[in-house]
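Peer 1: Spelled out from the first residue to the last, the chains are:
2 protein chains.
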Amino acid sequence: MATGPDTTALELDKDVAVPEDLEDLALQDDYGLNPEYVERVIDAADRGDDEHLRELVEALHPADVADLMGFLSPAYREALVPLLAPAELADILAELDTEIREEVLESVSTDALATALGDLDSDDAADVVDDLEDDKRDAVLAAMSEVDRHAIQTSLGYKDETAGRLMQREVIASPQFWTVGQALEHVRQSSDLPELFFDVSVVDPSFRPLGAAPVSRLVTAKPETLMTQIMEPVIELTVDMDQEEVAYAFEKYRLISAPVVDAGGRLVGQITVDDIVGIIREESEEDTLALAGVSDVGRDASIMEITKSRFWWLFINLGTALLASGVISLFEGQIDKIVALAVLAPIVPSMGGNAGTQTVTVAVRAMATKEMSSANVLRIVWRETAVGLLNGCAFAVLMGVVAGLWFHGAVLGLVIGLAMIINLFAAALAGILIPIALEKMGYDPAVSSVIFLTTVTDCVGFFSFLGLATLLLL
Amino acid sequence: MATGPDTTALELDKDVAVPEDLEDLALQDDYGLNPEYVERVIDAADRGDDEHLRELVEALHPADVADLMGFLSPAYREALVPLLAPAELADILAELDTEIREEVLESVSTDALATALGDLDSDDAADVVDDLEDDKRDAVLAAMSEVDRHAIQTSLGYKDETAGRLMQREVIASPQFWTVGQALEHVRQSSDLPELFFDVSVVDPSFRPLGAAPVSRLVTAKPETLMTQIMEPVIELTVDMDQEEVAYAFEKYRLISAPVVDAGGRLVGQITVDDIVGIIREESEEDTLALAGVSDVGRDASIMEITKSRFWWLFINLGTALLASGVISLFEGQIDKIVALAVLAPIVPSMGGNAGTQTVTVAVRAMATKEMSSANVLRIVWRETAVGLLNGCAFAVLMGVVAGLWFHGAVLGLVIGLAMIINLFAAALAGILIPIALEKMGYDPAVSSVIFLTTVTDCVGFFSFLGLATLLLL
Chain A
3 MATGPDTTAL ELDKDVAVPE DLEDLALQDD YGLNPEYVER VIDAADRGDD
53 EHLRELVEAL HPADVADLMG FLSPAYREAL VPLLAPAELA DILAELDTEI
103 REEVLESVST DALATALGDL DSDDAADVVD DLEDDKRDAV LAAMSEVDRH
153 AIQTSLGYKD ETAGRLMQRE VIASPQFWTV GQALEHVRQS SDLPELFFDV
203 SVVDPSFRPL GAAPVSRLVT AKPETLMTQI MEPVIELTVD MDQEEVAYAF
253 EKYRLISAPV VDAGGRLVGQ ITVDDIVGII REESEEDTLA LAGVSDVGRD
303 ASIMEITKSR FWWLFINLGT ALLASGVISL FEGQIDKIVA LAVLAPIVPS
353 MGGNAGTQTV TVAVRAMATK EMSSANVLRI VWRETAVGLL NGCAFAVLMG
403 VVAGLWFHGA VLGLVIGLAM IINLFAAALA GILIPIALEK MGYDPAVSSV
453 IFLTTVTDCV GFFSFLGLAT LLLL
Chain B
3 MATGPDTTAL ELDKDVAVPE DLEDLALQDD YGLNPEYVER VIDAADRGDD
53 EHLRELVEAL HPADVADLMG FLSPAYREAL VPLLAPAELA DILAELDTEI
103 REEVLESVST DALATALGDL DSDDAADVVD DLEDDKRDAV LAAMSEVDRH
153 AIQTSLGYKD ETAGRLMQRE VIASPQFWTV GQALEHVRQS SDLPELFFDV
203 SVVDPSFRPL GAAPVSRLVT AKPETLMTQI MEPVIELTVD MDQEEVAYAF
253 EKYRLISAPV VDAGGRLVGQ ITVDDIVGII REESEEDTLA LAGVSDVGRD
303 ASIMEITKSR FWWLFINLGT ALLASGVISL FEGQIDKIVA LAVLAPIVPS
353 MGGNAGTQTV TVAVRAMATK EMSSANVLRI VWRETAVGLL NGCAFAVLMG
403 VVAGLWFHGA VLGLVIGLAM IINLFAAALA GILIPIALEK MGYDPAVSSV
453 IFLTTVTDCV GFFSFLGLAT LLLL
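Chains A and B supply the protein sequences, listed in that same order. Using the numbering used here, read the first sequence as starting at 3 and increasing by one per residue. Using the numbering used here, read the second sequence as starting at 3 and increasing by one per residue.
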């Protein structure tokens with residue numbers, strides 16, 4: 003189905019200059035930044051060879067320069083920043099991690115920054131301005147053009163992590179009675195187009211979106227075709243929509259861009275997929291990290307900051323562990339009589355914790371991808387508890403036999419087997435109900451489900467094993 | 003910066019028909035499928051009201067129909083499939099989960115399927131054909147046009163989860179000496195264009211990509227401009243590149259589309275971002291699930307399948323727990339003398355397991371996003387062990403005091419404090435070195451790191467606490 007022209011008979015046209023940056027991209031091993039390249043940059047900086055340094059950096063994609071900054075120490079970054087042209091600086095600022103960006107922003111002059119920001123789409127520019135100290139922000143905004151300043155201020159008026167904040171205000175719109183030819187003419191004469199655009203919105207007289215025509219269809223349609231004939235339905239996003247919802251809509255409907263409307267349904271901006279791809283990973287990573295009790299403090303955080311960020315999760319876990327110890331201490335007398343109980347006791351809670359974590363992870367993921375809804379929640383609860391019971395029975399037999407043989411006691415085997423069934427059932431039930439309850443109460447189920455879960459599995463695990471031992475063995 | 007025409011003075015043009023599906027989208031509460039809608043579908047199916055059923059389904063976005071299928075039981079799905087037109091069926095097939103897709107494919111006739119697949123881009127069509135039983139696959143391919151069949155067979159020739167498999171073979175290419183006007187003319191006359199396209203590749207005489215011109219720039223450039231003047235550098239993907247690498251490149255460089263080249267560097271297809279967004283989430287979810295010991299068996303898996311898929315992780319964990327019990331049993335005599343040891347013993351391994359999981363999660367994530375590389379691996383190892391030692395000291399003091407007060411023994415407090423430092427240090431070291439080692443050996447660090455980690459933290463935890471108690475208390 004390839005529709006390329008037959009080029010086998012073509013001859014190389016020597017007059018056509020291949021842009022320099024194309025050759026430069028070939029400099030790299032693959033498309034990424036490699037350690038040797040970082041070495042060469044450090045070498046050049048050490049020698050104070052600004053010209054070579056500039057060449058090395060210019061040869062890189064802005065995203066790779068941002069990566070490079072992350073690998074360099076602050077002193078090298080300081081040597082590098084003044085060498086960047088405003089347009090380059092702008093692109094790199096949009097890609098940098100927050101911590102490094104703040105540092106870089108401090109070292110750039112107000113005027114250079116105002117020029118650089120003028121080159122960015124309004125969403126990226128607002129993102130950068132938001133990171134500035136109050137004083138500098140005012141100065142930079144004052145140095146920008148009226149139009150750009152207004153766009154950035156409007157953008158910052160929306161809450162963080164909402165569609166309003168993510169959108170760029172640059173949109174191309176066509177009234178519904180225009181033809182393709184009129185729309186193309188309008189595009190050609192517009193002066194402040196987005197850097198790239200993928201479609202032209204079709205709006206009604208109140209500027210409400212009716213649909214959008216992909217640019218590729220504008221190109222192939224006859225000029226006299228009405229825009230309404232080639233437009234496609236759109237998924238409208240509202241300015242206050244959470245970025246997680248926005249990402250979900252893009253993924254589900256495979257959107258390339260989507261119009262953003264205000265409370266009155268009027269078109270106020272658009273979001274394009276290149277701004278969403280990163281958010282999809284972020285949102286999904288947030289869950290992964292939260293499940294393990296890690297909050298993202300950025301890759302440039304100090305050791306003390308990281309230690310503190312991990313401390314509290316461990317602190318709460320210590321509480322859970324102490325509670326479990328409290329349960330064990332209820333049975334001190336029994337352990338004194340049968341020391342095998344102390345040897346076997348940690349097994350049942352450990353299995354419960356692992357089985358429950360499997361369930362919690364599945365539940366959190368099903369919620370994030372909206373696979374779990376009120377329509378099927380009962381089925382999922384039933385499925386998880388059934389799985390918990392089945393694996394509980396399997397491990398009851400396994401562990402029962404092992405314990406029975408190890409300590410030459412069939413009743414001890416029975417005790418640990420029964421405790422295993424009870425705890426794996428409790429783990430499944432807690433593993434599915436805790437995230438559902440947290441979500442219903444408006445909390446992020448990824449953040450605290452595991453804490454509550456292990457409290458349940460530790461306490462039920464120790465209590466059922468030691469309690470059954472008291473009943474059946476003593 | 004909004005560049006819309008001033009439409010406040012425009013009057014509604016009554017002659018312009020708003021496409022029906024636009025109104026239908028408004029039927030829904032928000033853009034997603036809601037439980038009431040599912041109820042209405044089930045109602046219509048129960049009444050055998052095919053016409054209403056067809057209306058309800060036609061009003062939905064194909065992605066929502068795919069979701070709807072997931073919520074319905076097989077009998078309802080069977081009632082629904084025959085009502086779909088070939089083009090609709092094609093779009094929905096591309097969105098369905100594998101298990102449901104297999105079921106639906108069985109119920110569709112060979113001819114209907116061949117027609118439906120002809121409507122899809124080659125990557126989506128190949129994906130569906132790959133799911134067919136051998137007999138049916140041959141029959142369907144035989145019923146397709148020569149061109150479509152060839153495209154699908156070529157696509158299936160590439161390994162699963164590679165760029166070759168993901169790409170669509172439909173590309174638009176321009177020789178380097180063409181002008182924008184010539185390229186646009188070529189686009190208008192091509193009969194087999196991709197469903198949507200975002201740029202025109204510029205190739206040399208051997209069909210090697212030199213760059214690509216975004217369609218939005220084609221539209222705004224003067225017709226006599228050379229394609230090489232408006233093209234931008236491209237990131238080339240090779241046919242054998244793993245889909246994780248592909249997703250990484252799209253995310254990092256914010257790509258909308260990228261050319262795919264064969265071993266000789268010749269353009270053979272392209273990948274567009276809409277096919278990548280889902281993969282980014284999948285890859286990142288795979289890690290989340292793998293860290294918790296869950297393999298994705300699909301949402302339609304039976305309870306037995308799910309139970310089995312979770313069994314093996316728990317089985318290995320049972321081995322770890324038994325090993326830990328073995329460590330405890332070395333100290334049976336000591337526990338017999340001081341029963342407080344049995345009460346406190348699980349605390350140190352539990353804290354180690356949690357702290358180590360934090361480190362493993364951070365490490366796995368840093369590897370997935372390539373934040374960790376040979377250039378900074380030593381710094382990260384140092385950072386993690388420092389964090390482990392610091393939190394080890396903090397919890398040593400905390401837990402030492404608690405244990406000392408609880409059991410009226412300062413030495414017992416000292417013992418658990420020292421054990422805490424040792425185990426949190428071991429947890430940090432294991433948490434960072436295990437994933438690095440697994441990655442170096444070519445294994446997925448997300449899959450088995452936690453197992454090895456808990457083996458370390460359980461054994462070191464119990465051994466250090468009970469061992470120190472033996473040395474200092476007895």
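Each hint should be verified, as a subset may be incorrect.
The list treats identical chains as interchangeable, and a pair is accepted whether it falls inside one copy or across any two copies.
Computed cross-link-like contacts, DMTMM-like style, restricted to lysine to aspartate or glutamate with a CA-CA straight-line distance of at most 25 Å [to be verified]:
(1) Lys372 to Glu288
(2) Lys138 to Glu90
(3) Lys442 to Glu41
(4) Lys372 to Glu246
Since the hints were derived computationally from the structure, they do not count as laboratory data.
Peer 1: Does each hint hold? Answer for all of them.
Peer 2: Verification of the supplied hints:
no.: 1; hint: Lys372 to Glu288; verdict: both (16 Å within a copy, 17 Å between copies)
no.: 2; hint: Lys138 to Glu90; verdict: within (21 Å within a copy, 55 Å between copies)
no.: 3; hint: Lys442 to Glu41; verdict: between (52 Å within a copy, 22 Å between copies)
no.: 4; hint: Lys372 to Glu246; verdict: both (11 Å within a copy, 23 Å between copies)
This entry satisfies every hint, going by the numbered hints stated previously.
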